[in-house]
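Student: Take the sequences, apply the hints, and build the full model.
Residue strings, one per chain:
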Amino acid sequence: MNIMIILAPMSEKTTTAKLSARFARADYFAFIDTETKEIEFVENPHKDSQHGAASKVLSWATKKGVTVMISDQLGHTAVQVVDNNPNLTAYLSNDLTLDKIADAIANKELPVYPEGEVRSHGKHGGSGSGRGSGRGRN
Amino acid sequence: MKIAVASGKGGTGKTAISTSLSAVVKQKVHLLDCDVENPNAYLYMKPEDVVNERATVLIPEIDHDACIRCDKCIDACQFGALVDAGENIMFLSTLCHSCAACWTVCPEEGVITPVTREFGDINHGVSQRDRPIKFTEGMLDITEMITPTMIGKVKGFIDPENISIIDSPPGAGCPLYETVDDTDYVVLVTEPTVFGLHDLRRAHKLIQEMGIPVGVVINRSTIGKAPVREFCDENNIPILLEIPFERIIAEKYSSGELLIDIIPELHDKFTEVLNTILETVQEATA
Ligand code: SF4
Ligand code: SF4
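Chains as they are written, first to last, in my numbering: chain A, 1 to 138; chain B, 1 to 286.
Take the hints with a grain of salt, since some may be wrong.
[As the list claims (entries may be wrong)] Derived Cβ-Cβ restraints for the label pairs, each shown as a range:
1. Asn52(B) with Thr16(A): 57 to 65 Å
2. Cys99(B) with His76(A): 49 to 57 Å
3. Pro114(A) with Lys26(B): 43 to 51 Å
4. Arg25(A) with Gln208(B): 20 to 28 Å
5. Arg25(A) with Ala100(B): 26 to 34 Å
6. Phe195(B) with Thr36(A): 50 to 58 Å
7. Glu87(B) with Lys37(A): 36 to 44 Å
8. Val105(B) with Lys37(A): 37 to 45 Å
9. Ala100(B) with His76(A): 34 to 42 Å
10. Lys26(B) with Arg25(A): 44 to 52 Å
11. Arg25(A) with Thr116(B): 27 to 35 Å
12. Pro114(A) with Glu246(B): 45 to 53 Å
[Unchecked claim] Covered by chain B, per the in silico footprint, the following chain A stretches (three or more residues, Cβ under 8 Å):
13. 33 to 44
14. 83 to 89
Source of the hints: derived by calculation from the structure; they are not laboratory data. C-beta atoms are modelled at their ideal positions from N, C-alpha and C, and glycine is treated no differently.
Tutor: Here it is, written out as structure tokens:
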């Protein structure tokens, strides 16, 4: 399986919690490193942003090496960004708790945007290399 | 003098008030429709000799081949209109507020070029009532989201020589702020329903924080029991006018008639409202 960093919106810093229904204005983000299995919670720096919270979150996350995002609420901006960034894939959470997300993606159990189908990581035939394994995280 | 007519929520009859108010002004008057997502004052003002111009803004055009990906532009954009999309920077035109930060901050000469983008219409005309009423409206193109930018464009046509009546967008957020900013008086139109009171509270809070004198018009004053009058009393907000619900108003208003034409007695009442506003502003600026 490719090494990836997964971004998941959270309303609490608990690995057994389900994901936040909000994306850009979630309280926290969990960064899941699929290599080390480490989960890091970071406060959402753009939670109270008046404008463009979704795009700011995505720029911020991309810098931290994120290539996969989980969101049950993909807004207009996030859709445009996902459509234009070949290195970023979006999945629905299927109502799983955070600790189950990485395995569910690895096992191709989660629906992927935009097809809504269950599929492996990587938009182009599942062979995406997942840029930046763990780089640039604080 | 600039008088904004606003309401916390849509559908309270804000435009009914702004149009009749502008029709009783004896001085040179200009009605500006800043409800730019849904301008409808023209239906009542029926402006003639309408001249259209396209509203434009400057947006960044990025030379991706020459870009060194320092990402200073992304960090500088407080509107999130520039996004790190992996290989390239992606530009989201609907979020861009033309603030110029990106091309100012870009360290590489000629990588970001400001170019013109059209985003809506501005229409000018004159409504020929017993005296001419200058009319200007802004209308965003479909899918455009830069409401405050369009409001700023429309307000750019305000002439200080006139009494300007500004029809504001509904809500209590950025568009309302942009519209009432720098005005001399705000008329808040509400109705005595739970929703009306809730939205009146929010809009009043914003206007109060901005330090602008405010008065309330209670429209359809007989349709609900929410304590709007009590709220006004507690907060020392003058109630400028109450207009009871009457079927004839609803019917004729929906076919494009002004309130003061439907119920002629309202003409004098609107004149009183206007005089109260003018006196309040004169006292505040004296
Ligand atoms: S002009 Fe301002 S709002 Fe538009 S992209 Fe540049 S920095 Fe962002
Ligand atoms: S500031 Fe200029 S050079 Fe730097 S990333 Fe933006 S466009 Fe490229």
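Student: A separate judgement is required for each hint: does it hold in the structure or not?
Tutor: Each hint tested on the structure:
no., hint, in the structure
1, Asn52(B) with Thr16(A): 57 to 65 Å, "59 Å, holds"
2, Cys99(B) with His76(A): 49 to 57 Å, "21 Å, violated"
3, Pro114(A) with Lys26(B): 43 to 51 Å, "60 Å, violated"
4, Arg25(A) with Gln208(B): 20 to 28 Å, "26 Å, holds"
5, Arg25(A) with Ala100(B): 26 to 34 Å, "27 Å, holds"
6, Phe195(B) with Thr36(A): 50 to 58 Å, "52 Å, holds"
7, Glu87(B) with Lys37(A): 36 to 44 Å, "29 Å, violated"
8, Val105(B) with Lys37(A): 37 to 45 Å, "39 Å, holds"
9, Ala100(B) with His76(A): 34 to 42 Å, "24 Å, violated"
10, Lys26(B) with Arg25(A): 44 to 52 Å, "49 Å, holds"
11, Arg25(A) with Thr116(B): 27 to 35 Å, "33 Å, holds"
12, Pro114(A) with Glu246(B): 45 to 53 Å, "51 Å, holds"
13, 33 to 44, "violated (count 0)"
14, 83 to 89, "holds (count 5)"
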